[in-house]
Amino acid sequence: MNRKLTAGVLLLAALLLATGAFYLGRKTGQAADASIAAAAPDGRKVLYWHDPMVPGPRFDKPGKSPFMDMQLVPVYADSATGAAGDAGVKISPAAQQNLGIRYAKVRRTDASSSFEAIGSVQFDERLNAAVQTRVAGYVERLSVRAPMERVRKGQALATLFAPDWLGPQNEWLALRRAGVSPDLVAAARARMRALSIPAELIRRSEESGTAQARYVLTAPVDGVVAELGVREGVAVTPGMTLFRIAGLQKVWAVAEIPEAQALGLARGQKAKAVLQADASQSFDGALDEILPEISTATRTLKARFEVDNTKGKLAPGMLLRLQVAGPASNRLVVPSETVIRTGRRAVVIVRKADGAFEPRDVSPGADLGDDTEVVSGLSEGEEVVASGQFLIDSEARLRSVLGNMAAPAAAPGASAPAPAVVTHQAEGKVESVAPDGITISHGPVATLQWPAMTMGFGKAAPSAFPEIKPGDPVRFEFREGGAMGYELVSIQRLQSGATK
57 MNRKLTAGVL LLAALLLATG AFYLGRKTGQ AADASIAAAA PDGRKVLYWH
107 DPMVPGPRFD KPGKSPFMDM QLVPVYADSA TGAAGDAGVK ISPAAQQNLG
157 IRYAKVRRTD ASSSFEAIGS VQFDERLNAA VQTRVAGYVE RLSVRAPMER
207 VRKGQALATL FAPDWLGPQN EWLALRRAGV SPDLVAAARA RMRALSIPAE
257 LIRRSEESGT AQARYVLTAP VDGVVAELGV REGVAVTPGM TLFRIAGLQK
307 VWAVAEIPEA QALGLARGQK AKAVLQADAS QSFDGALDEI LPEISTATRT
357 LKARFEVDNT KGKLAPGMLL RLQVAGPASN RLVVPSETVI RTGRRAVVIV
407 RKADGAFEPR DVSPGADLGD DTEVVSGLSE GEEVVASGQF LIDSEARLRS
457 VLGNMAAPAA APGASAPAPA VVTHQAEGKV ESVAPDGITI SHGPVATLQW
507 PAMTMGFGKA APSAFPEIKP GDPVRFEFRE GGAMGYELVS IQRLQSGATK
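Each residue of the sequence shown is one higher than the last, beginning at 57 in our numbering.
If you're looking for bench data, these hints aren't it; they were derived computationally from the structure. One should not assume that every hint holds.
What the hints assert, rightly or not - In the DSS-like style, the derived pairs of lysine-lysine whose C-alpha atoms are separated by at most 30 Å in a straight line are:
1. 408 x 306
2. 408 x 101
3. 209 x 367
4. 146 x 101
5. 328 x 306
6. 146 x 358
7. 367 x 328
8. 101 x 117
9. 306 x 367
10. 146 x 408
11. 306 x 358
12. 209 x 306
13. 120 x 146
14. 525 x 485
15. 369 x 209
16. 326 x 369
17. 161 x 408
18. 367 x 326
19. 101 x 120
20. 161 x 120
21. 369 x 358
22. 326 x 306
23. 369 x 408
24. 408 x 358
25. 161 x 146
26. 117 x 146
Make the full structure from the sequences, and use the hints.
See the structure below:
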């Protein structure tokens with residue numbers, strides 16, 4: 057019994073000890089985190105913590121990086137070298153010149169919603185005319201023998217022989233000669249009209265006193281023979297289309313219009329059509345119809361423009377450059393090359409008054425050729441980066457790695473001791489040589505906890521290290537400072553294969 061009691065007491069004591077150790081550990085951890093957070097220099101506000109090797113993700117407290125075997129690094133509100141800090145990133149004028157950065161002003165301009173599109177000429181099907189026969193017969197003579205021949209209104213197309221028209225005409229002529237009641241003669245004449253015997257044929261029968269069975273079909277309009285349905289000597293039946301005449305006084309120009317632009321078009325909107333093969337020839341046109349069908353592959357709508365072709369110079373299949381005029385309005389614009397589109401976002405790099413750069417989300421509007429409308433995100437007169445945006449981003453990320461590894465600034469009011477010159481050593485390969493610096497692909501730098509990377513090191517003078525050439529394996533010593541952030545102290549060429 058005493059053994060069981062003793063074991064129970066010992067077990068209870070162990071549980072109490074473990075519970076106390078757990079809570080003590082939590083308090084100790086919280087105190088450690090607080091000590092890390094308090095390690096920031098006085099008067100400097102920490103915006104967030106990040107891993108310099110993976111600068112995208114942000115953390116709201118210090119700790120170990122989930123990506124690398126290193127502690128998270130704070131980013132301060134007043135840091136001028138942070139890659140994504142609120143103060144932006146500053147780059148020296150020499151580095152800006154080396155990066156080839158150009159700038160552009162955000163400006164207002166009077167821009168119209170006009171645009172250009174390529175249209176293909178087609179027949180205006182509303183001007184088509186069909187030539188048919190309403191009686192059985194034969195084509196005795198064909199005057200137009202090939203499709204696409206031009207014809208004039210009233211021009212002979214074919215001569216038909218219709219034997220079925222002889223009986224009604226002979227009956228009508230016999231009644232007239234017999235002197236029967238006028239009502240019977242009128243009834244016979246009405247029967248001929250019902251059989252679609254042309255009035256001209258009836259007049260000729262009356263004048264000659266002989267039934268007429270031959271009739272000449274003529275073109276009802278000016279145009280071209282778009283369809284030739286018969287040949288000489290063939291039989292024809294009632295309702296058969298012998299010719300289809302397409303008018304050319306006006307033609308259609310059918311163009312593919314992007315969905316965003318098509319929404320702003322209105323029926324009757326004026327357009328100027330310029331012949332693609334000869335820019336000196338232009339024609340007046342207007343929007344006739346936007347066809348209610350969209351291409352899912354190209355996201356375009358077909359727009360049908362009516363183009364004047366009184367001179368007859370346009371033919372189906374020709375290409376026209378349509379210049380569609382739209383109302384003008386005052387818009388805020390930037391050069392199109394300044395806008396970086398990432399799919400869901402549109403970003404520009406803004407140069408602030410203090411010379412720092414910051415990315416800014418914008419809402420782009422209409423595409424105005426070399427310019428892009430900005431609906432929101434920018435103000436008139438601001439300066440944006442027109443070229444070198446991605447180089448600025450790369451420079452910002454590199455400076456985020458280097459700048460946050462620098463020693464913390466001294467407290468305000470404290471006398472600063474004379475800084476000791478700290479140098480670091482590494483080995484690598486020379487990539488390029490410039491008057492102001494040398495770019496080297498080097499291995500890890502243990503004293504700075506740097507991984508292997510390629511970066512530029514400044515030179516104290518343009519004439520320094522004249523013997524170093526691109527491709528040389530080198531061992532070099534450098535220190536913090538200079539226009540490029542780090543400056544070479546010494547550099548010596550190694551024998552080929554001597555680099556580690």
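Results for each hint:
no. : hint      : result
1   : 408 x 306 : 57 Å, violated
2   : 408 x 101 : 21 Å, holds
3   : 209 x 367 : 16 Å, holds
4   : 146 x 101 : 19 Å, holds
5   : 328 x 306 : 14 Å, holds
6   : 146 x 358 : 50 Å, violated
7   : 367 x 328 : 16 Å, holds
8   : 101 x 117 : 13 Å, holds
9   : 306 x 367 : 10 Å, holds
10  : 146 x 408 : 10 Å, holds
11  : 306 x 358 : 19 Å, holds
12  : 209 x 306 : 16 Å, holds
13  : 120 x 146 : 28 Å, holds
14  : 525 x 485 : 10 Å, holds
15  : 369 x 209 : 19 Å, holds
16  : 326 x 369 : 20 Å, holds
17  : 161 x 408 : 12 Å, holds
18  : 367 x 326 : 20 Å, holds
19  : 101 x 120 : 20 Å, holds
20  : 161 x 120 : 43 Å, violated
21  : 369 x 358 : 24 Å, holds
22  : 326 x 306 : 15 Å, holds
23  : 369 x 408 : 57 Å, violated
24  : 408 x 358 : 45 Å, violated
25  : 161 x 146 : 19 Å, holds
26  : 117 x 146 : 26 Å, holds
Violated hints, in rising order: 1, 6, 20, 23, 24; the structure is consistent with all others.
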